[in-house]
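One letter stands for each residue in the lines below.
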Amino acid sequence: MKRFSSRLMELVLFILLLSFISFAFMKLAPGDPVRYILNIDDVAVSEERINELREELGFNDPLVIQYGKWLLQFIKLDLGNSHMTKQPVIEELIEKLPATILLTVTSLFVMTIIAVPIGTISALYKNTWIDHVSRMFALFGASVPSFWLGLLFIQLFSVKFGWLPSMGMGTIQHLILPALTLGIAMAAVYVRLLRSSLLESLGQDFIRAAKARGLSNGRIFFFHAFRHCLVPVITLFGVSLGSLLGGTVIIEVLFSYPGIGKLVVEAIVRRDFPIIQGYILFMGLFVTVINSLIDVSYRYLNPEVRLKEGRS
Amino acid sequence: MLKKYSLPLILLLSLGLSACSSNAKEDDGNPKVKELTFLSNFPSETLDPHLNYTAVRAGVNETLVKINEEMEIEPWLAESWTTTDKGHTWNFKIRNNVTFQNGEKLDAEAVKKSLERNIEVSEAMKTALNIKEMKADGQQLKIVTNEPLPHFPSELVHPNTAILDADEKDIEEKPVGTGPFKTASFSPGNKLELERYDAYWAGKAKLSKATFTFNEDANARTLALQSGDADIVYRPSIESMESLKNDSSIKTDIAPSFRTHLLMYNTKDENLKNLHVRKAFDYLIDREEVASSVMAGQAERAEGPFLSAFPFTPSYDKKEFSIEKAMKHFEHAGFQLKNGKVLKNGKPLSFKLLTYSYRPELPLMAQMLQSEAKQLGITIEIQQVENIDEYMAKKEDWDLATYSLITSPRGDASFFLNTAYMEGGAINPGSINNQELTSKITELNRTLNEEQRNKLAKEAVSLIDKNRFHSFIVHPNNFAAYSDDVLNWKLSKSEYYILTKDVDVKK
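Here the protein sequences come in this chain order: A and B.
If you're matching positions, the first sequence starts at 1 in our numbering and goes up one per residue.
If you're matching positions, the second sequence starts at 313 in our numbering and goes up one per residue.
It is worth saying that the hints were derived from the structure and are not from the lab.
Quick reminder that beta carbons are idealized off the backbone N, C-alpha and C, glycines included.
Treat the hints with care, since some could be wrong.
As the list claims (entries may be wrong) - Cross-link-like lysine-lysine pairs, in silico, PhoX-like; alpha carbons within 25 Å at most: (1) Lys86/A / Lys486/B; (2) Lys69/A / Lys86/A; (3) Lys707/B / Lys27/A.
Said to hold, decoys possible - Reference listing, derived: stretches of chain B covered by chain A, where coverage requires no fewer than 3 residues with Cβ under 8 Å from a Cβ of chain A: (4) 490–501; (5) 547–556; (6) 800–807.
Sequences are here, hints too, so could you generate the full structure?
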């Protein structure tokens, strides 16, 4: 309980700090939302009117006052309204988040079904042709830009074969190409990590002890070596999940996938500060929760962690 | 074991994948369903016509007044309009035979409510329309503005002034308008599905259904057309235009846009105050080269701010690219010439040029000018800024800027003239303040008669041209590609009207 409340306290402090830093950066960065709100590219507006509206919206107030106003709203769980759509930020984010989470989870699934077998085979057949091919794959995956891979997939599966839709969202088929593009790019890193981690595990004393106890090879592999090598993989998994949620934007744009990344890019272009601020907080919260869950998972994956915690 | 099942597995997978192919035009087994998919680069997070153009582009909502392909303003939901006091009070007669897509009749009261909501949700429209009060009586709508606005009808061309049933809820995702298509479903940032509105006042649309989708990536748009996922694609990648032209199943359409890329001068700068210096820079711009190489042939050279087809465009002198003439003007400006290099008080000249990456061609134009100026020993330091409007408004340390804007969005010159040449205009960071020009624009702002307005605008533009307050470089083209099956579709110059009742498909 004590640990939980201390974690919660840390989370609150982290969110407060994050919100202030992001708020300050946004306000200090170039870009005036009033010019977008007034649509100066299209409507004859005077500088006087721009200043007037800036004053009305409180954009001329000192940074701390502006942040204070925002914080008071935030405490009431109100992130304000988007300048672009005039809709509550929370609604906008909640509407987009499921699509991005779906794409992220599917990409991680694709990555897993590619990386686990290849990484494992590569470790088990070290320095054979299988290992060389898998390392080539890892090199290819790491060096090919994802947008290019995406265009290649569209050309092949949509234009040439007509099997899969080239864009949009709605059916499972719509998810295949973006998830494959993201999954392959990520799998490359995991193949290498899994291979090296497995090789390290297989050389550990506890593996020799298991062999000496007469355990079967399958049991040794799955319950000892593989389980042990999952710790660094899960760590990277957590980092990937965070960066994927924020980094799917190129793929979302390419496949016209209506996720949160596309919304935020549009918000950045139009200096829609409430959306940007809401997104940063959402992501901060999400990544913190995921990392906490990963910390908890170590206790189950690695008995050493559990034992150390018990001792302390 | 695995081998035994591998063939059926592969067949099953192929079948599954083939089933999702996008060839769904004959869906429900009904061959009469005529539909098409339009793919644009305009992202749309809301369908609210008062905040976004998509509803007008997709034929869901309509404005009181529209701009036609001849660049003239014509009636749309308003049948006619008059003003009794030189543009202070306007009387609009609303069409009598129009109904909203929910069956409600369109009358002046409904228009009034729509405009009231418009100025409530959009600060931009509140500023542009400047409405003081409105009074509705049957089909007659009286609008009084805070100050005389002789160009008021042209402001009503703006898609954000579209008329909607303001009593309806869910305007963000399902606005109810008067257009030939009604919203079936809308997924923000993804797609808009439309159904024909059978009681459309100007006659039933030929298509039964249509889908509007969005993709910001030009290559992906091109591939979507080639794969059949889209029937009309707005702005495919420039590089693909040649190959698309050679494809017999695809048609392409190109039209110059209302946009102009230009070079701004900071007339507060001591050197650039001098007309000869501005003229010299004008001679250093190779417009032909910009149009053909930087714009990959997808632009028309610009002699002035407006396309030549507008009635308020004067006949400009043809602009030349000439290093020699540029040198002469620098000499006239009082600078010295030594070994073909321009010097001021014995020192080489240097200027700071601002540009921005949102339009990738602008930094390239800046580099071209930098390279031409270098031949005369002039240094141009290029600075790419994140937000050029804000930078220019707040700082004075710039001399030149490559810039781009739509100069006549609603078929009237007053927007550009007021915003770029009047003191305090939002796009007048160079503080252009010319007495003669100001009085011409002020007179234009008070003049109601169309012919007289065009004459005044012409005179103002001639003054701008003569004084080289800006150097206008090119008008970029709008371009689109579409399937051979699409009929009666034409690229609209204004980009406001994309899906009309006349668009059809062969099938």
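Taking the hints in turn, this is what the structure says about them:
Of the supplied pair hints, the one linking lysine 86/A and lysine 486/B holds, its CA atoms being roughly 15 Å apart against a limit of 25 Å. A C-alpha spacing of about 18 Å is found between lysine 69/A and lysine 86/A, which places the hinted pair at or below 25 Å, so the restraint holds. With a CA separation close to 17 Å, the supplied pair lysine 707/B and lysine 27/A stays within the 25 Å bound. Evaluation of the coverage hint for the segment 490–501 of chain B: fulfilled, as 3 residues show C-beta separations to chain A shorter than 8 Å, against a requirement of three.
Coverage of the segment 547–556 of chain B by chain A is violated [criterion: at least 3 residues with CB-CB distance below 8 Å; count 0]. Only residues whose C-beta sits within less than 8 Å of a C-beta in chain A count toward coverage, and the segment 800–807 of chain B has 0 of them, not enough to reach three; the restraint is violated.
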